[in-house]
Amino acid sequence: MIDDKDSQLRDDIRLLGALLGEIIAEQQGLPVFTAIEEVRQLSVQYRRFDDNAARAKLEARLEELTQDETISLIRSFSIFSMLSNIAEDCHLIRRNRQHELAGMPAREASLDYTIPELERVGVNRDAVLARLKQTESVPVLTAHPTEVQRKSVLDAQQSIIALIRHRDEIQLTLEEANAWRDELKAAVQRLFQTRLLRRNKLSVIDEVNNALAYFDSTFFAQVPQVYRKLQSLLNLPSTDNFLPVNEDPLGKVLTVGSWIGGDRDGNPFVTAQVLDTTLKIQSRKVLEHYLAEVNCLIREFSVTDYFLKPNPPLTELANASGEDSAHRMDETLRRACVAIRKRLEATFQQAARGECTAQAYASPADFLADLNTLFSALNDNGMQRIAEGRLALLARKVKVFGFSLMALDLRQNSDVFEEVIADLLKQSTLGNIDYLACGEAERVELLCAELRTPRLLFSDSLQYSERTHSEMAIFRKAKLAHQILGATAIQNCIISKTASVSDLLELAVLLKEAHLLNVAKGEIAVNVVPLFETIGDLQAAPDIMNRLFGIPEYRALVGSRGHVQEVMLGYSDSNKDGGFVTSGWSLYQAEIGLVDVFAKHGIKIRLFHGRGGSVGRGGGSSYHAILGQPPGAVDGRIRLTEQGEVIAAKYGIESLGRRNLEVLVSANLMVSEHTELTREVPAKYLELMAKLSEHAFKEYRDLVYNTDGFLEYFKQSTVISEIASLNIGSRPASRKANWTIEDLRAIPWVFSWAQSRVMLPGWYGFGTAVAKLRNGLNEAELLELQAMAKQWPFFNTMLSTLNMVLAKADMAIASRYAAMVEDAALRDKVFGRIAAEHARAVEGLLWLTGQKELLADNPLLKRSIQARFPYVDPLNHVQVELLRRHRQGELDERVARGVHLSINGIATGLRNSG
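Everything in the sequence shown is counted per the working numbering, starting at 48 for the first residue and increasing by one.
Don't read these hints as lab results, they were simulated from the structure. Some hints could be false.
Taking lysine-lysine and the DSBU-like style, the derived pairs with C-alpha atoms no more than 35 Å apart in a straight line are [claimed, not checked]: (1) K198 <-> K248; (2) K899 <-> K837; (3) K647 <-> K738; (4) K526 <-> K389; (5) K180 <-> K738.
Model the full structure from these sequences, guided by the hints.
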């Protein structure tokens, strides 16, 4: 029986589907609509009742479609998936509002739940405040090619969302309801008639601008509200909004970061000029917002001096405005706002030109001081209510976003830094040093010597490679950004593929060359951040950091950064390297080792989790993933990537964005302070997990890396080749032209398996691992394994995400993709193995959880999947047919366009493309 609380969701889906059907019939004719409706009904019949006769009819009907009918069908089902997503998001918002309006207990993961829950387990207000003072929760936006939707399409969807939410929040008359339906149909028609595919590949700056749109939709409005919620729950005064960050009880609890425009690893299009442009665009965005807010204050602050007695600081500020209109001479508060606007305008021009201007604010702190002058004058005159509105929120924004909007990370591959150091040393006056021929110990000795001397290696009079000039130009731009925008503009430089101590020291030397490291003072202006990605590198991470911290020159630099060292952990490559189970376990083990090493050296750890949207790249519930971290691994500081379609899903709608921001802060607080989450994990659990990982690793590696012909199977049974030509992101799909599995980027690897409904990176190896473990355990140990599934947050979260991905995988549809593999023996060998392992994985999961079917503990997600897949399945069937035609050399451009449209539609329907 379907729960009544979903009735409004079903009504919305039916309404949106009916409107779409009307538009298809009107715009493309009744025969097209009839063909699409026939396909829809057959797909529903097959999916809901496992009707093989319906499947056969469906496949036959799809093969009969003309090229134009095929394109229409793909667009129609793709748009219906978008509309279903919209209905689900709006229903979630609706349910949250109903929950709150009914006065029901606060939902888990909200701050309204977290603060009282901590108090319940004995964490008092003072302890919470002490934790918040050092808490850092940072979602970092990245532009990995997993977002397949155009911004124009996203904008069209936003119009539909706004209309549904408008209806939900007010009571419409009959006339208004009819008008609303007409407006909704017009919005659906605009979406239907918007081009779904990009004509050209995105540039890096396109990606930057796309990300900035989420500040308008969510971040500017909701990040300050999270702080305000904490102030309310903890009874903190609004005056805290105007305190310097280091004096504010909430410090920097929540900020936003970005990689877009600074991530050069494998992306040749991120140059020094692109970095410079990115920083200017970001600064312009935030300063334009501040100017708009100050203009609102000028309009709102119409208070006359009769009611507000100006104090000397306010009068002095007002006099700097140059405002001499007789109409405003008794409006000192308003004139003070005009003075602030003038300085902001000068600051805007300074950021745009990249040159210091006398009238500009020297720092956000100076801007904040002027806002505090306004606040104090209002408070002194009994106008606290006015002061605590837009003005207090603006002050909080200034402390969070500064003049740079968000900290932009730099990232580059360790091989590149190695190459640049080798070039600098070779050309230097130290002698013709062959750095690349040096062993690790010799490299460390050379690099430490450079960190002890202020003398630079780089000289304008010497000839260097193009790569060296390019990298040095990046670091010089970073130095300029610090001078113009402040040190918060660029705080981190990440080293991909970190595998040794010298990898980190190389970056430190390069920062010194750009005057971002001061040898005399032992200070560094940018964090050196290793990224450990492969299984081997994760295992080596604790030892590398232990040896690094033993180097006095480097340890002093960490001290200059508040004794905090950041480490980034890669989920994507570790998964491709060792599979879902071993990746998760290797990450967990690495964290345990790092926590011990950092404690030994008296250094505070900040982990940066490189998670993607799909399970194969660390995706899933952020809240439960954070709660599943080892004791001490978070300790109040966490950064995590928000990638691709996840950004739109989490932050595209303001109220959902607020919820997701609260979730991040709540999880940080809970895992750092809650007694049930900070206790040690039983040794037996760690032992069982190690065995499970060992079995899973062997099975995964044997299939993916040790099976003859597997690469060819992958190429022929997925859309990997076609993805390369889809204008998704600015980054190439693989690192080399003639690639192997090792060369392929993790994102298209996961994307391709999702398209074919195999979802292999999210589960393969688990079934064999559970089966082998069960065979080797006694009855008591088996019971302990099942208890571990329920009681250990890490393992419970792993099983929950596994549950979801197994439910989304479909071996029947996957078999149609396998049928495209030309070598029958290879096809039968690989797909037979995949299908058998999927069955074992489902069996193992159900045994561990004690459930009778997948998603038994998550009925909402189960209903969502069951409702949407009849509309995704036809896209898969059509895609297979189009891939056959495309690979057989069909020249009709509609075939290639149809393939690309189907990729887009399936990604939309699955809600995780990579």
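Restraint check for K180 with K738, where alpha carbons must lie at most 35 Å apart:
violated, 40 Å
Given pair status - K248, K198, alpha carbons within 35 Å:
Holds - the C-alpha atoms of K248 and K198 are around 13 Å apart, at most 35 Å.
So if I understand the rule, the pair passes when the alpha-carbon distance is 35 Å or less; does K899 with K837 pass?
The given pair, whose Cα atoms are some 16 Å apart, holds under the 35 Å limit.
Sort out whether K738 lies within 35 Å of K647, counting only the CA atoms.
holds, 28 Å
For a C-alpha distance cap of 35 Å, please report whether K526 and K389 respect it.
This hinted pair holds, its Cα atoms lying about 27 Å apart.
Checked against the numbered hints listed earlier, the structure breaks hint 5 alone; every other hint is satisfied.
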